[in-house]
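K.L.:
Chain by chain, the residues run as shown.
Number of protein chains: 2
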Amino acid sequence: MSLTNLDLINAVDGFPYYQVDPDLYAASISTYYELRVTDHAYALGYILPSVAEVFRGVAHWDLDDEDRILTLTGGTTAAERSAVVATTLEALRKTGHFKVLDKWRNELYPVYGRNKELLFDVERAASPLFGVVTYGVHLTAYVKRDDGLRIWVPRRAKTKQTYGGMLDNAVAGGIATGEVAFESLVRECAEEASLPEDLVRSEARTVGCITYFYVRDKSAGGETGLMQPEVEYVYDLELPEDIVPKPGDDEVEQFYLWTVDEVKDHLAKGEFKPNCAAVMIDFFIRHGMLTPENEKDFIEIVARLHRKFEFPTL
Amino acid sequence: MSLTNLDLINAVDGFPYYQVDPDLYAASISTYYELRVTDHAYALGYILPSVAEVFRGVAHWDLDDEDRILTLTGGTTAAERSAVVATTLEALRKTGHFKVLDKWRNELYPVYGRNKELLFDVERAASPLFGVVTYGVHLTAYVKRDDGLRIWVPRRAKTKQTYGGMLDNAVAGGIATGEVAFESLVRECAEEASLPEDLVRSEARTVGCITYFYVRDKSAGGETGLMQPEVEYVYDLELPEDIVPKPGDDEVEQFYLWTVDEVKDHLAKGEFKPNCAAVMIDFFIRHGMLTPENEKDFIEIVARLHRKFEFPTL
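In the order they appear, the protein sequences are chains A and B. Counting from 1, position 70 in the first sequence corresponds to residue 70 in full-length UniProt numbering; the numbering is continuous, with no gaps. Counting from 1, position 248 in the second sequence corresponds to residue 248 in full-length UniProt numbering; the numbering is continuous, with no gaps.
Since the hints were made in silico from the structure, they are not lab data. Treat the hints with caution; some may be incorrect.
Stated by the list, open to error - Taking lysine-lysine pairs in the DSS-like style, the calculated list, with each CA pair at most 25 Å apart, reads:
{"no.": "1", "chain 1": "A", "residue 1": "Lys-144", "chain 2": "B", "residue 2": "Lys-218"}
{"no.": "2", "chain 1": "B", "residue 1": "Lys-144", "chain 2": "A", "residue 2": "Lys-296"}
{"no.": "3", "chain 1": "A", "residue 1": "Lys-308", "chain 2": "B", "residue 2": "Lys-308"}
{"no.": "4", "chain 1": "B", "residue 1": "Lys-218", "chain 2": "B", "residue 2": "Lys-94"}
To be verified - Which stretches of chain A does chain B cover? Using the computed rule of at least three CB atoms under 8 Å from a CB of chain B, they are:
{"no.": "5", "region": "48-55"}
{"no.": "6", "region": "152-165"}
{"no.": "7", "region": "201-209"}
{"no.": "8", "region": "213-227"}
In this text, all values refer to a predicted model and were calculated from it rather than measured experimentally. Each residue gets a CB set at the ideal place from its N, CA and C atoms; glycine is no exception.
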């Protein structure tokens with residue numbers, strides 16, 4: 001197997017584009033339900049019919065089959081809506097309706113409206129059921145040597161339920177409700193790579209974000225076909241040679257320090273977790289390693305890494 | 001006047017998004033004609049009805065009012081099609097049909113098909129009539145000082161027909177047919193800023209591209225409302241303090257060396273040419289000066305700077 005960079009992008013940004021094929025797009029959309037909140041007449045996410053069906057007749061939810069809309073009708077404030085969502089999901093967790101809920105994290109993710117207002121919080125494991133936008137931070141740590149750049153690449157523990165044994169970015173994690181992106185990064189840098197907080201605060205640089213519309217496959221665990229539009233804030237951190245990232249918990253097996261060519265080889269073999277591959281490709285583009293001259297799909301890749309969603313974002 | 005960064009993005013990426021408002025999008029599209037080439041059943045650009053009308057009955061062109069498609073029927077090779085396009089445009093230039101053709105450049109731009117094959121060349125000044133994707137290079141030159149970064153900003157000559165007197169990127173130019181992006185950059189660096197070729201070749205770094213769908217307004221000169229989807233390959237060049245860009249032709253009035261705050265002030269005053277403002281904003285994002293914490297429209301801006309077009313690109 002040798003994957004192109006565009007193959008890797010297709011794996012993480014698998015939802016069809018209206019611009020490319022309006023008919024295919026319409027055919028996809030027409031099978032889904034929109035998630036809405038009362039008094040906010042726009043989609044917050046797309047839901048599979050098999051998921052929407054479970055909400056039929058549940059208190060504080062309205063399922064409209066004609067317009068294919070699932071509306072959260074309970075609550076008028078973020079706190080009230082969040083309470084309804086939590087009650088419903090805890091009940092569904094107990095009844096064992098969804099495999100993704102077996103990986104309950106006790107971590108809340110925010111869902112925003114068009115005015116960037118918090119509409120409600122949702123348990124992290126449940127967010128793909130609603131197809132809402134989630135937010136995370138991804139950091140690439142690298143070392144500049146005379147003979148070229150080296151990149152720190154961790155391998156995920158084989159025992160991890162999701163993407164076990166795959167390659168990752170040096171630090172990555174989700175942004176919980178109420179957390180600011182950079183503070184989330186600082187926390188993850190300590191937890192996942194044991195990086196000194198002072199160093200991270202002074203040297204980690206915000207360099208943009210990637211946005212893509214992931215459709216969950218087998219490697220994600222749980223139900224497949226669930227929709228997961230994601231925003232990942234991207235950071236670069238140049239490390240001195242004497243700072244070595246160390247796994248801070250049991251989620252990482254080990255860290256490799258690889259040349260750019262080594263990273264490219266492992267990318268082409270499909271060893272990276274899909275969204276981490278996207279972050280590496282973005283890094284290569286920003287650092288002049290992938291160029292219009294050596295990457296024939298340059299423009300397509302750059303656009304696909306920065307998708308504009310159908311849903312509001314922060 | 002104090003413009004936000006999102007205001008500046010809206011100015012350069014003014015075409016509606018299907019994802020945001022399907023009805024508005026459909027209403028816009030429904031008034032336009034698609035440009036096509038025989039045996040390639042997809043749009044290469046959008047054309048105003050007032051422009052399409054002029055091609056009615058012209059040899060080697062077919063105007064389909066029902067499906068709203070203008071098809072170039074003449075020629076089966078790129079060379080043959082280009083000859084037809086040139087003949088038609090030269091005739092239209094003589095008859096004075098379009099003001100944009102008064103700025104005839106004698107410079108050809110490429111139009112590509114879905115397999116990245118060259119379909120035909122078109123005179124640069126005429127490309128907005130067809131609404132086809134055009135390609136360019138933009139370079140930000142900067143100096144690292146102990147007290148912070150300085151950015152070289154040229155002011156366009158007041159006598160320039162397009163965007164006269166506005167602020168620009170250090171180097172910018174269009175990529176002509178047959179030209180490779182980086183070679184186009186090297187040429188423009190000499191012509192526009194008198195930068196040493198060796199320095200540009202060794203130090204200029206490809207850092208991505210921006211893509212946006214510009215709708216021409218008064219400042220562009222000629223007919224307004226013409227559609228101009230553009231790809232600009234983006235480059236960074238850190239200059240030593242003793243290298244000073246100098247206008248190499250009469251297109252630039254003078255170069256300023258400004259702090260980031262000074263650049264931000266002039267951006268907010270609307271003094272930058274629209275797509276050059278977009279390149280500066282992209283620079284600020286990649287260099288950690290605009291962050292999720294200090295720019296409330298961060299995600300929206302990043303996505304809008306990397307639009308996926310309805311049309312094929314290289």
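K.L.:
With reference to the structure, classify each hint as holding or not holding.
P.N.:
Hint by hint, here is what the structure shows:
Among the hinted pairs, Lys-144(A) with Lys-218(B) is inconsistent with the structure: their alpha-carbon atoms are about 48 Å apart, more than 25 Å. A threshold of 25 Å between alpha carbons decides the hint, and for Lys-144(B) with Lys-296(A) the separation of about 33 Å lies outside it, so the pair is violated. Proposed proximity of Lys-308(A) and Lys-308(B) is supported: the alpha carbons are some 9 Å apart, at most 25 Å. Among the hinted pairs, Lys-218(B) with Lys-94(B) is consistent with the structure: their alpha-carbon atoms are about 23 Å apart, no more than 25 Å.
With 0 residues carrying a beta carbon less than 8 Å from a beta carbon of chain B, the region 48-55 of chain A misses the three-residue requirement, and the given coverage is violated. Check result for the region 152-165 of chain A against chain B: violated, 0 residues qualifying (beta carbon to beta carbon below 8 Å, three or more required). With 5 residues having a Cβ less than 8 Å from any Cβ of chain B, the region 201-209 of chain A passes the three-residue criterion, so the hint holds. Counting residues of the region 213-227 of chain A whose C-beta lies closer than 8 Å to any C-beta of chain B gives 0; at least three are required, and the coverage claim is violated.
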